[in-house]
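Generate coordinates for the entire structure from the input sequences, incorporating the hints supplied.
Start counting the sequence shown at 30; every next residue gets the next number (the numbering used here).
Note that these hints are calculated values from the structure, not bench results.
Ideal Cβ placement from N, Cα and C applies to all residues, glycine included.
Some clues are possibly wrong.
[Claimed, not checked] Derived CB-CB ranges, DEER-like:
#, residue 1, residue 2, range
1, R101, E68, 12 to 22 Å
2, K135, V52, 37 to 47 Å
3, D109, I81, 12 to 22 Å
4, K47, A79, 42 to 52 Å
5, Q128, S84, 30 to 40 Å
6, K47, P110, 22 to 32 Å
7, K135, G49, 34 to 44 Å
8, R71, A121, 21 to 31 Å
9, E68, K140, 19 to 29 Å
10, D109, H57, 32 to 42 Å
11, A53, D109, 14 to 24 Å
12, A53, P110, 20 to 30 Å
13, P110, D74, 32 to 42 Å
14, Q129, R72, 13 to 23 Å
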Amino acid sequence: MAGMSHAGMTGMAMPAAKPGSPVAAFQHGMDSVMVVMDEGMRRMDGASPADIDASFAAMMVPHHQGAVDMARLQLLYGKDPALRRLAQSIIAEQQVEIQQMQAWLKQHPAKP
Numbered sequence: 030m031a032g033m034s035h036a037g038m039t040g041m042a043m044p045a046a047k048p049g050s051p052v053a054a055f056q057h058g059m060d061s062v063m064v065v066m067d068e069g070m071r072r073m074d075g076a077s078p079a080d081i082d083a084s085f086a087a088m089m090v091p092h093h094q095g096a097v098d099m100a101r102l103q104l105l106y107g108k109d110p111a112l113r114r115l116a117q118s119i120i121a122e123q124q125v126e127i128q129q130m131q132a133w134l135k136q137h138p139a140k141p
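This is the structure we're talking about:
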């Protein structure tokens, strides 16, 4: 859904944030994360679509990186202590899983 804002993905229109405000910066950051994540999942870093395991790992890496990037935006702009703790947990856990999937992909190179 490239080109669609994160607000559009929920089916709900979000009111325009005041330019230069933290809300506008957060919304812009989330939109950017979604574009990068979507492109990475579509590209699959060379994994063959016929290889289910490689496809899974190759698509999950940018998906998890998107979660890490979203959590970082929460830490930058969010205020709720419980959500900040959750964001920190997401960052730690997802980074470990990204490393595991990248290691698996290295051990199982794409076949020509």
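These are the hints, each one checked on the structure:
1. R101 x E68: 12 to 22 Å: Given about 19 Å between the Cβ atoms, the range holds.
2. K135 x V52: 37 to 47 Å: For V52 against K135, whose Cβ atoms are near 40 Å apart, the range 37 to 47 Å holds.
3. D109 x I81: 12 to 22 Å: violated, 38 Å
4. K47 x A79: 42 to 52 Å: holds, 49 Å
5. Q128 x S84: 30 to 40 Å: At roughly 19 Å between Cβ atoms, S84 and Q128 fall outside 30 to 40 Å, so the hint is violated.
6. K47 x P110: 22 to 32 Å: holds, 25 Å
7. K135 x G49: 34 to 44 Å: Check passed, 43 Å falls within 34 to 44 Å.
8. R71 x A121: 21 to 31 Å: The hint (21 to 31 Å, Cβ to Cβ) holds, given that R71 and A121 are roughly 27 Å apart.
9. E68 x K140: 19 to 29 Å: holds, 24 Å
10. D109 x H57: 32 to 42 Å: violated, 21 Å
11. A53 x D109: 14 to 24 Å: holds, 19 Å
12. A53 x P110: 20 to 30 Å: holds, 24 Å
13. P110 x D74: 32 to 42 Å: holds, 37 Å
14. Q129 x R72: 13 to 23 Å: At 20 Å between Cβs, range holds.
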